[in-house]
Structure formats: structure tokens, C-alpha cells
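*Asks:* Fit chains B, C and D with the ligands to the known structure of chain A by using the hints.
Residue numbers (the working numbering), protein chains in the order written: chain A, 1 to 147; chain B, 1001 to 1147; chain C, 2001 to 2404; chain D, 3001 to 3404.
Please note: incorrect hints may appear among the correct ones.
[As the list claims (entries may be wrong)] To give a feel for the contact side, a few chain D residues facing chain A, derived at Cβ under 10 Å: (1) H3052; (2) G3054; (3) L3055; (4) D3057; (5) T3060; (6) T3063; (7) R3064; (8) R3065; (9) L3151; (10) G3251; (11) R3254; (12) E3262; (13) W3402.
No lab work stands behind these hints: they were computed from the structure. Computed from a predicted structure; not experimentally measured. All residues carry an ideal CB built from backbone N, CA and C; glycine is no exception.
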Amino acid sequence: MSDLKTLYSDIIRHHNESPFHFEKIEHAPVVLRANNPVCGDRFDLFLTADQKRISALHFHGFGCAISKASASVLVKSLEGRSLHEANNICNEFIHFIDNKPLHAPQELTDDFKAFSGVHNFPERRDCAILPWSAMKTYLESKLGRNN
Amino acid sequence: MSDLKTLYSDIIRHHNESPFHFEKIEHAPVVLRANNPVCGDRFDLFLTADQKRISALHFHGFGCAISKASASVLVKSLEGRSLHEANNICNEFIHFIDNKPLHAPQELTDDFKAFSGVHNFPERRDCAILPWSAMKTYLESKLGRNN
Amino acid sequence: MALPLHTIKDQFPIFKNRPELVYLDSAATSHKPDSVILALNDFSEKENASVHRGLYDLSTDATRRFENVRKKVSDLLGVSNPSSIAFTKGTTESINLIAHGLIRKKLKLGDTIAVTAMEHHANFIPWQQLCHQRGALLNILPVTKNGELNLSGIDSMLGPRTRLLCLTHISNVLGTINPIEEIISIAHRKKIPVLIDAAQSTGHYPMMVDSWDADFVVFSAHKMFGPFGTGVLYAKQEFAPYIEPLNFGGGAIRNVTTEHTEFLDYPYKLEPGTPHVAGVIGLGAAIDFIQQLDLAETSLFTRNLTQKFKARLHELGGARILGQPSNFGSIVSFQMENIHPHDVASFLAQANIAVRAGHHCAQPLLESMGVPATVRVSFSIYNTEQDIDKTIDALAALKRFWSR
Amino acid sequence: MALPLHTIKDQFPIFKNRPELVYLDSAATSHKPDSVILALNDFSEKENASVHRGLYDLSTDATRRFENVRKKVSDLLGVSNPSSIAFTKGTTESINLIAHGLIRKKLKLGDTIAVTAMEHHANFIPWQQLCHQRGALLNILPVTKNGELNLSGIDSMLGPRTRLLCLTHISNVLGTINPIEEIISIAHRKKIPVLIDAAQSTGHYPMMVDSWDADFVVFSAHKMFGPFGTGVLYAKQEFAPYIEPLNFGGGAIRNVTTEHTEFLDYPYKLEPGTPHVAGVIGLGAAIDFIQQLDLAETSLFTRNLTQKFKARLHELGGARILGQPSNFGSIVSFQMENIHPHDVASFLAQANIAVRAGHHCAQPLLESMGVPATVRVSFSIYNTEQDIDKTIDALAALKRFWSR
Ligand SMILES: Cc1ncc(COP(=O)(O)O)c(C=O)c1O
Ligand SMILES: Cc1ncc(COP(=O)(O)O)c(C=O)c1O
Chain A
1 MSDLKTLYSD IIRHHNESPF HFEKIEHAPV VLRANNPVCG DRFDLFLTAD QKRISALHFH
61 GFGCAISKAS ASVLVKSLEG RSLHEANNIC NEFIHFIDNK PLHAPQELTD DFKAFSGVHN
121 FPERRDCAIL PWSAMKTYLE SKLGRNN
Chain B
1001 MSDLKTLYSD IIRHHNESPF HFEKIEHAPV VLRANNPVCG DRFDLFLTAD QKRISALHFH
1061 GFGCAISKAS ASVLVKSLEG RSLHEANNIC NEFIHFIDNK PLHAPQELTD DFKAFSGVHN
1121 FPERRDCAIL PWSAMKTYLE SKLGRNN
Chain C
2001 MALPLHTIKD QFPIFKNRPE LVYLDSAATS HKPDSVILAL NDFSEKENAS VHRGLYDLST
2061 DATRRFENVR KKVSDLLGVS NPSSIAFTKG TTESINLIAH GLIRKKLKLG DTIAVTAMEH
2121 HANFIPWQQL CHQRGALLNI LPVTKNGELN LSGIDSMLGP RTRLLCLTHI SNVLGTINPI
2181 EEIISIAHRK KIPVLIDAAQ STGHYPMMVD SWDADFVVFS AHKMFGPFGT GVLYAKQEFA
2241 PYIEPLNFGG GAIRNVTTEH TEFLDYPYKL EPGTPHVAGV IGLGAAIDFI QQLDLAETSL
2301 FTRNLTQKFK ARLHELGGAR ILGQPSNFGS IVSFQMENIH PHDVASFLAQ ANIAVRAGHH
2361 CAQPLLESMG VPATVRVSFS IYNTEQDIDK TIDALAALKR FWSR
Chain D
3001 MALPLHTIKD QFPIFKNRPE LVYLDSAATS HKPDSVILAL NDFSEKENAS VHRGLYDLST
3061 DATRRFENVR KKVSDLLGVS NPSSIAFTKG TTESINLIAH GLIRKKLKLG DTIAVTAMEH
3121 HANFIPWQQL CHQRGALLNI LPVTKNGELN LSGIDSMLGP RTRLLCLTHI SNVLGTINPI
3181 EEIISIAHRK KIPVLIDAAQ STGHYPMMVD SWDADFVVFS AHKMFGPFGT GVLYAKQEFA
3241 PYIEPLNFGG GAIRNVTTEH TEFLDYPYKL EPGTPHVAGV IGLGAAIDFI QQLDLAETSL
3301 FTRNLTQKFK ARLHELGGAR ILGQPSNFGS IVSFQMENIH PHDVASFLAQ ANIAVRAGHH
3361 CAQPLLESMG VPATVRVSFS IYNTEQDIDK TIDALAALKR FWSR
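Same shape as in the complex, but just chain A (with noise of 0.2 Å):
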């Protein structure tokens, strides 16, 4: 039960009720799918960006708590970010849920320390990393594989 209060947190409960830009956008230049096979789970992230820089980002779907959760992270934590930063974020997410962080704890966001418990359910990664993923093949693409 002590796991379960730490893998559904309050923070990411919150982001859960109450997702970060949760809205479907009409005609947004990029939409990126999020989608995992096991169990149903999509989400599309609408992006707007130029070359350099991501100006506006929402997101909508279907997902259990800590996808959506994951999902609306990612949306706060991306947004108004130049792509090359934000590349590195996706980075800094997905390492630290395969608990192989790239920086101290004390470095990272309330946000992302929210995910914690995930380490204690690895059946949950996928759930975790599913929008993040799909960012960070997006972002690597754009920006090319080997800058």
C-alpha cells in the first residue's frame, strides 16, 4: 500500500484530475502519436514549433493515471523550450524512470521526482516513458541523430 502512495503520488495524482493543456488542437502543425500496444493507451501530442524552438504544446488521449500524468509533465516541462533543450529533457526524464539518472536528485523538478515510485513497479516504465518516447524520436529526427 506504501508503494501505491508512492507510485500514485499526489503530485502525479494531480496531474492526472487535472492535465496541463489537455485539449485537442485542431490543424496544430505536428501531431505526434503515443500509442502502447499492450494495453490500449494513446495519446497525441499537438505541437507547434519552428527550427529552433517549441511555441506551443498540448495533449489528448486516453491513459491510465500515470501516462496522463507523464503526458501533462511533459507538456509543462517542453513548452516555450528551444528543441535542442527540450531533447535533453526527454533525456533527463527517461534516464532518471530507468533509474539511471543523468543529474543529483536534488536537480531535478518536483515533477519529475513525482515518478519515483515507478522504480518499484517496472511494469509501469512503459507507461511512464510512453509520450516521452515519442517526443524524443520526434526531436532527434529534427535535430539530427548525431548533434
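*Replies:* Just chains B, C and D with the ligands now, with coordinates in the frame of chain A:
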């Protein structure tokens, strides 16, 4: 060892070493192929028959002592028989090998009884009946299945 | 005399090794009784051999036992001819053999294949892909809100160009037991053969394949107390000669020259390569176990558990059950208000309750019912009323946790 | 430290249960050590679950162990990328996947596939049938009287339209170990990919697939101390995206709508349906067992037994050994003068000696050597010199019996 002596009875060994009508017949009107996919044994039965009777029968090919002796006994037993008689003899032999004889032992020929050792070697059943089933298939189709 | 159900759980070692386990995922895979595990072990330790080719005792004994399982399967299915039984890897492979080994070459541009909206992906994707490849149409018989087949449209759906109707006996999501006899006879009046996906019914419900007159029946051993990696294809004799192998190799052939290969007859032509000998022997042991049960009794027993669980869910509140089929088996799908099925399953897992969350390999069904995912609970003979109590308690705790 | 070979037989329970057994048919299927049998049993009794879809411990643990076996396989093969490992039913299915899932669509009228005359039917019939279907040519690299590949013609046989070369690592009839590194590099110079049938070598000889630069490698668990019904396909990464599944079903897909299916990536797209979970776990245990051995030592050990057996046969007289390859493994085929191989095998079986008689699923090879059938003896790590003594004694008795 005594099982082996009954399997390889003198009669079987005799047929194996001096098979009856063991000869390739060019231009035989009918050639039946009896072939065991498991071991690669393969005999051809060369047959001359009118609508009623088998007038000539020879065989040639390659196989173990059991299948070769069995083909030799087949040729010896069926040559000169009517198709109907031949079919009955095939049935008789196969039933005998399968331990469901149609007649009492004293009514069987010594050539047939020589195969009783096969009962202790069920894996050799297919060797013993190899040429007989090929012949039976042929005779049944000639006679019509329902007669 | 049938084995008494109240002590049957003792025969399943998993529950001795994990006394706390509440296993409600038998529709995914069932646990194995002692007798099956022992048969597998004994085979490895005492008899291990390949089949069909050896002249020594180990191999001839293994071959005899292996072949004898065809008879056991045909008895279980209510089929008179053991040579109609081919061994495969599982339901999925059996269906694909019919799709690509038989129907593909008959299927012309504009022909149709009929399936239902409640098929498992294994009985859906092969037909969808085949239709794509051949320019044929996939007709999908709809499902009502209750989760039953909507048979009113079946007559117009099955036409002169329908080459096959594919139908699950029991839905792996809703538990619906379909009226397959009735449907088979409708299809047969139009000369359309019928494939029955019996993955959820074989070993759990009485089967009478000959009297149903089903043309093809498929199932997996691992869902009926048997081993993984083994399944069955039953094909009616009139089709057997026309089913072509998808795999080629040793053991399935009569003769090979450098130019040409002659194949053996059905079922051997469909079983190239060294078969899963232990799996087939284990399937035989599973059938021996099942034959000690009274399937009319066991199916009533699991139905009663399901009925009780549905009633308790209703009492609990905040749960929405998917479908209300009048004839149902041991499966129920539901959703908890505002809580994603994944979150429900994780919560239950913490209480050692194993349920499944997701689309259960039946995306078309869930989509047609407007639901992306459900929690699925499925019962087998080793489940008890305490399992229900524990699950309902855990769901109540979940509700409290979620509304805190 | 490697396990000492002189006590290794004790780890194989079949020999405790059948102390009289002289098993000389390991090329057909090997026996299983305690550790593999125990792993299979424990999995059934304690962990039994399906993979990839559960959120409860049983299923997540099974998934982790299942996926971890890809790593074990890649280590055994000397391959750096575990995702290049797909699980199949066995060698036969693995080869057919490449034939029908990859090569078929590339193969045009007049193209060629190259095989050798010493292939097992599993690596011959699929190519023969594919060539028939596509109007392509099957080129067969001949075998010398010694039972070695005749490499003098290979340069002219491999041309610009050769789409694949298929080659066994070790002949299952003659024991010949082919110079696969050399052959792969000849083929690669002409940009022809190479499929290695490693059914007789994996687990018995050191494998270095990455350094050989083989494009496809296939084998079966049951020939390397593992369970039946499980095999492996290794495919080099550049080919993986293009290999199409032959079976469709659950677990192999990303998304399904009524119109369309999106498949997962290799290897998952090739593994639809519930996999043989226990088989894969058992393969993992077999690899753990093998990793305790020193394969350079074990292959020398079985080679020495083979060499000794050949010498003793020679001494005995009346036996003709098929082929005299200079580089050979643990297999030897022979004929006894005037005694059919079947009769030899039956006689030996009476003395509890298990050998194989027949064409060993290699009819084209036997035909090219002008022999319809042979007796085959094959050795593994649990064989002893006493096994050879008993076999030679029995053959001497056979000669006496037959000349009486
Ligand atoms: C060289 C070779 N290739 C392929 C096979 C076929 O393997 P399986 O029957 O396990 O598919 C065998 C064994 O039978 C073999 O020895
Ligand atoms: C109704 C139904 N059909 C087919 C399948 C597929 O069976 P398998 O995965 O054993 O091939 C399943 C189970 O997963 C099922 O429930």
C-alpha cells in the same frame, strides 16, 4: 536374441537372400511403387493383369530384410490369382500382421506364419506390410471399393 | 465419478507455492495440475525421444504415445476421426494454417470472409490481412450493446461469395457463449464452411464438434491445463486434402529428389520438423485430467462464480460491466469509474490478485463498444468464493484510495 | 572452471532411469540435464504465466526471464545485439520464415538460390518449393566422395542473380564440419547473404556469428539439451525490418482497427500468439548449462569418440563408412555389408543401443552418394568409451547372427 530369431526366421532370411521373381521388368503394363518415407525403402511391383487375373508379377528395389522378404512372399502368393482372390490374400496378410487374423493359424501358409515375429517389433509393422498396402490400394481401385 | 471441485485446488502446485495468489487470469493461460507437470517431467527424465523415425524403444514408445493423443483430442472434441487432428503451436498458428494454407488460394477478388466483431486478434488479423492481399472483403458481424452477436443481419451478410465464416465459441473479453450450432446451420444452408475458435471453450465446456458439424476447430493446450507451445487444428475430412503446409521440412514428406517433393497426407504434411513431443504428451495428460471432471458441472461452477462476482461488483458501485450476455461463461470485463484499468490492475497486483487490463487482443470489439480498455477477470476450477471476497475488498480499498 | 566431463553423465536423469541405455542418437535429439528439467518444472509449479501483457508479478517476472533469454542466446552465438534473436518452434520454422517471409518477395523469375547437396530436408525443401513457386533455379553445390563440399565450383555457381546461399554448419549425416567462414566470405564478395543451419553445432561447438559475419543463423533447443518446440532465428539487423510474419495474431501488433493493422518491430512481429514461454525459459537453462562447459573441450571429446568408433568399425570389418571428411564432428554414417540399416538398428535396439537408420532427412545427399540408407551413430557429452565397446560387440554379434 530369441525375439530376433523369430523376427528373422529362416523363411524370411531365405526370401531376403533369394527373393522370388526379383527382377526389373521393362515395359511392364503396371508398375506399383511401395515406398516407406521413414526409412527410404522402396520397391517397384511389375504387374501384368487383365480385368480378372494377375498373369505375371515381379519386383525390384531396396529395403530391409523384412520388407524384401514380404515383397517376395507377396509375389509368390499372388501371381496367377484372380484380382478378387489377390485382394483377399492382401487383407489376410495385413490383418495377420496387425494381430487380428481373419483365419485360424492352421489355415495360413508357412510363408505367412514366418512373419509372426513382427508382432514383437511393432516398429517393423510398416516394413512387413509395405508392398501389401500398395497392392491392396491398386486392387481395390481396380475392383471398385464396394464390391 | 467426477473429481470433487472443492478440493481440486490442491492439485495445482502453484497455489501451494504461492498460497497468497488470487489468480483471475485463466483466460490468458491456465495453471497446470500435478498430473500434467509430472507427465512432462517423467517424459523428460525417462522417455525423452523424437518421434516417427527411430527404431529403438524410446522412440517407438514416444511415437505411440504421441499418436495416441490424436485419439484423446478427438474424444474430447466429440470427433470420430483421430486423423482429423493436426498438432500446431497454438490457436494462432492453427487459424493461420487455414487462412494461408487453404482459403488463400480459393479467395478471389470480390469474395468475402465473414468474422464477428468479438474475435480475438488471432481470428481477426489473419483474415484482414488475407483479404487485403487478395482484394477480398472482410464482413464483420456486429455485436449488440449487451455483448451478444447481432444475428439479425447474418442472413444478408452471408452471401454466395462468402468463402468462410470465422467465429469464436466464447468471447475472451465478454464471456459471451455464442449459439454456434444455430450459426453453423445458417452458414451451412448457404454452403459456407465455419471455423470455430474454441480457445476459451475446449477443456472447459462440453464439445460436440461432429454433431455441431463444425468445419474447422482450433484451440491451445496452455488454456486448458496443458503446456505452452502446443495447439490443435481440427479439419473436416473433406477439406483435409486441400490444406497446404506453410512450412516445409523433414518428417512431412513421402519422398524428396533434387527436383521434386511428394508430401505426406494430412495431418502429417502440416507437421514438418521435430514436433513439440513433450507438449503433445502434456496435452494428452491435460485431457486425461479433464476427462476426470464433469464439464457440465465445472462450467456451471465457474459460471456461478462469475455471476456472483458481477453481483458483488454491482453492490460495490462505481463499476461498469461491459455487456450483459444472457449466455456467458467464466469471463467478465469491467471498468472502474475514473480509474484507468491499468491503475486498477496495478492496485490489485499489490494485493496478489492477478487480473488483466487492456484490450485483451480484441481492439475491434472494444472500439465497437466505445471503450479503449477494460479490467478482465476470468475464473477456472481452482478459484473460490474467497477469491471473490478478496477482489471485492481490494476494489473497495482502491475506491477509497482513489478518492482520498 | 568447466564441468568435468567424466562425471557429466550423472547430470542426465535418463541414464539413472535407464542405466542400460546406450544412446547414440543425439543428432536427432539430445537428452536434458537435471538443471533444465528442474527449470521447466519450477516454471510450471511456481511461475507459470503468459508474457508481455500482464501487470501482476507472475507475468512481469515471466516476461523479464523470457526476454532475458534473448541475451543468453546472443551471448552463446557470439552476437552483440539481443534484439536480433527471434523465437520460433525450431530450425524448420526459422528457415521457412526466411524463405517465405523475406526471400520470396525478392525472388524473381530466373533468380537462383544456392544450397549444398548435404542439407537436411529442412534446409532444402523450403528452397526447392520456393524456387518452383517463383520460377527460380535451385543450384546445388555438390559433395565429394569424401563427404566434403566441393568448393572448386562455388565461384561459378554463385552469380549476380543468386539471392541467398543456404548451408549447414555440420552435416547431420556425415558429421562434416564445413568451412563456413571461408564460404561466407566468398559469398559476401559477391554480395550474397548466407543462411547457416546451425542445428548440429549450436551448443556443441564454439559459435562466433558476428565475426563469421553470417546473415541468418537457425537452430533448435531440443538438440542442445533444451526443450522441444523452441528454436531460434538470428537475423542480421539490416534484414530485420524486411522479414514479414507468416502468422498473424495477438502480441505482434502495435494497433488494430477494423481496416488496418500496424505490426511491431522485429523480433516481436514474428512471434504472434502466446509463445512457448516454458520452452524459452528452458532454452535459457540449457544455455546456462552449456556455459559451464568448455565447448572446445567437449567438441574434442565427442570428436575423439567418433574417431575411435570409426577405427573400431574398421577393425571389425564388413562395415563401410560413408565419407571421410577431414574436419568432422560427433556423427558417423555407415552400412554393414549385406545387412539393411533397418535390420542393423533393430538388432542394436535389442541390445538397448539407440541408433538411427534411414535417410536422416537428407535424401538428396544419400542419392548423390549412391546410397539409399545408412546407420547413423552420433555422440554427445554423456557418451563413454563403454558405449563404443557395447556397440562394436553388438555389431560383431549381428555379423555372426546374419551369417549363421
Ligand atoms: C542439420 C539439421 N537441420 C535442420 C534440422 C531440423 O530441425 P528441427 O526438426 O528441430 O526443426 C535438423 C534436425 O532434425 C538437422 O540436423
Ligand atoms: C478466443 C481466443 N482466440 C485465440 C487466442 C490465441 O491463442 P494463442 O495465443 O494460444 O495462439 C486466445 C488467447 O489468447 C483467445 O482467447
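*Asks:* If you take the shortest Cβ to Cβ gap from L3151 (chain D) to chain A, is it below 10 Å?
*Replies:* violated, 42 Å
*Asks:* T3063 (chain D) was flagged as interface toward chain A. Is the shortest Cβ-Cβ separation under 10 Å?
*Replies:* Holds - the Cβ of T3063 (chain D) comes within 10 Å of chain A, reaching about 8 Å at its closest.
*Asks:* Can you verify the interface hint for R3064 (chain D): is its Cβ closer than 10 Å to any Cβ in chain A?
*Replies:* Holds. Min distance 8 Å.
*Asks:* Next item in the hint list is T3060 (chain D). Is there a CB on chain A closer than 10 Å to its CB?
*Replies:* holds, 4 Å
*Asks:* Quick one, is the L3055 (chain D) hint okay against chain A at 10 Å, beta carbons?
*Replies:* Nearest chain A Cβ about 5 Å off; hint holds.
*Asks:* With chain A as the partner, please determine if H3052 (chain D) meets the hint condition of a C-beta pair closer than 10 Å.
*Replies:* holds, 7 Å
*Asks:* D3057 (chain D) was flagged as interface toward chain A. Is the shortest Cβ-Cβ separation under 10 Å?
*Replies:* At 9 Å from the nearest chain A Cβ, D3057 (chain D) passes the 10 Å test, so the hint holds.
*Asks:* Close enough to count: is the Cβ of E3262 (chain D) nearer than 10 Å to one in chain A?
*Replies:* Hint on E3262 (chain D): holds, closest Cβ of chain A at ~8 Å, below 10 Å.
*Asks:* Against chain A, with CB atoms and a cut of 10 Å, does the hint on W3402 (chain D) hold up?
*Replies:* violated, 64 Å
*Asks:* Against chain A, run the beta carbon of G3054 (chain D) and see if the smallest gap drops under 10 Å.
*Replies:* Hint on G3054 (chain D): holds, closest Cβ of chain A at ~8 Å, below 10 Å.
*Asks:* Hint check: is the beta carbon of G3251 (chain D) less than 10 Å from a beta carbon of chain A?
*Replies:* At about 9 Å, which falls below the 10 Å cut-off, the nearest Cβ of chain A leaves the hint on G3251 (chain D) intact, so it holds.
*Asks:* With chain A as the partner, please determine if R3254 (chain D) meets the hint condition of a C-beta pair closer than 10 Å.
*Replies:* With a closest approach of 5 Å, the R3254 (chain D) hint holds.
Figure legend: structure checked against the earlier numbered hints; hints not met, in rising order: 8, 9 and 13.
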